Amino acid sequence: SVAGCHIIKVTVACRIAFPDWAYKPESSPGSRQIQLWHFILELLQKEEYQNVIAWQGDYGEFVIKDPDEVARLWGIRKCKPHMNYDKLSRALRYYYNKRILHKTKGKRFTYKFNFSKVVLVNYPLLEMANSPFLLAQNHFNESNFLKLFRVLLILS
DNA sequence: GGCGGAAGAC
DNA sequence: GTCTTCCGCC
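All residue numbers in the first sequence are consecutive under the UniProt record's numbering, ending with 156.
The reader is advised that the hints may include incorrect statements.
[Claimed, not checked] As a list, the in silico SDA-like pairs of lysine to any residue whose alpha-carbon atoms are at most 20 Å apart: (1) Lys65 with Gly75; (2) Lys105 with Arg93; (3) Lys87 with Phe109; (4) Lys87 with Lys46; (5) Lys87 with His38; (6) Lys65 with Asn97; (7) Lys46 with Arg93; (8) Lys105 with Lys46.
None of these hints come from the bench; they were simulated from the model.
Please read these numbers as outputs of a predicted model, since none were measured by experiment.
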């Protein structure tokens, strides 16, 4: 752990640094229960939910296009049949202090992941060396963002 | 809609 | 600890 980031060795040739909040050891308690931000990323990853929730605007920014449906799906996952957007959004607001999310002010149903710290350390694998996976120090486009998250989701 | 306190489930 | 539930406030 360096400067609020964890460095994870993905393979012998690739290391990734990302914020502490994105890192959870397998042995940590509660790791069996899905977390809301994992679930949000899971939906964002699937094209079939583009009309429900989608990346939009700035990098890491997403819009909940159908709040009732997102709440319904979250309720199903957590076996909470009375889940609604009012309650789900309270859970999202708890992420503000944890610096996992923040609100995009003025944009309805729009939140943003705090991913400014995410960087690739060292060189990625050879087949990745010329791919968009090679990230800039503090910025990356949406394509890189999604690819990185596929890795993070595999790790988690 | 969005915010955050308070209490409680697990 | 991570939400879930409820709610007063803006």
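Notebook entry, point to check: Are the Cα atoms of Lys105 and Lys46 separated by 20 Å or less?
Noted result: Status violated; Cα separation ~26 Å.
Notebook entry, point to check: When you check the alpha-carbon spacing of Lys65 and Asn97, does it fall within 20 Å?
Noted result: violated (24 Å)
Next item on the list: Please work out if Lys46 and Arg93 have their alpha carbons no farther apart than 20 Å.
Entry: violated (24 Å)
Note to self: Just to be careful, I want the Cα atoms of Lys87 and Phe109 compared with a cutoff of 20 Å; is the pair within it?
What the structure shows: holds (14 Å)
Note to self: Next pair to validate is Lys105 with Arg93; report whether the Cα-Cα distance is within 20 Å.
What the structure shows: Holds. Lys105 to Arg93 sits at ~13 Å (cutoff 20 Å).
Note to self: Tell me if the straight-line CA distance from Lys87 to His38 falls inside 20 Å.
What the structure shows: At roughly 17 Å apart (the allowed maximum being 20 Å), His38 and Lys87 satisfy the hint.
Check: Given the hint that Lys87 pairs with Lys46, does the C-alpha gap stay at or below 20 Å?
Finding: Distance ~23 Å between Lys87 and Lys46 Cα, so the pair is violated.
Checklist line | 20 Å Cα cutoff - pair Lys65, Gly75 | finding: Distance ~17 Å between Lys65 and Gly75 Cα, so the pair holds.
When held up to the earlier numbered hints, the structure conflicts with 4, 6, 7, 8 and fits the remainder.
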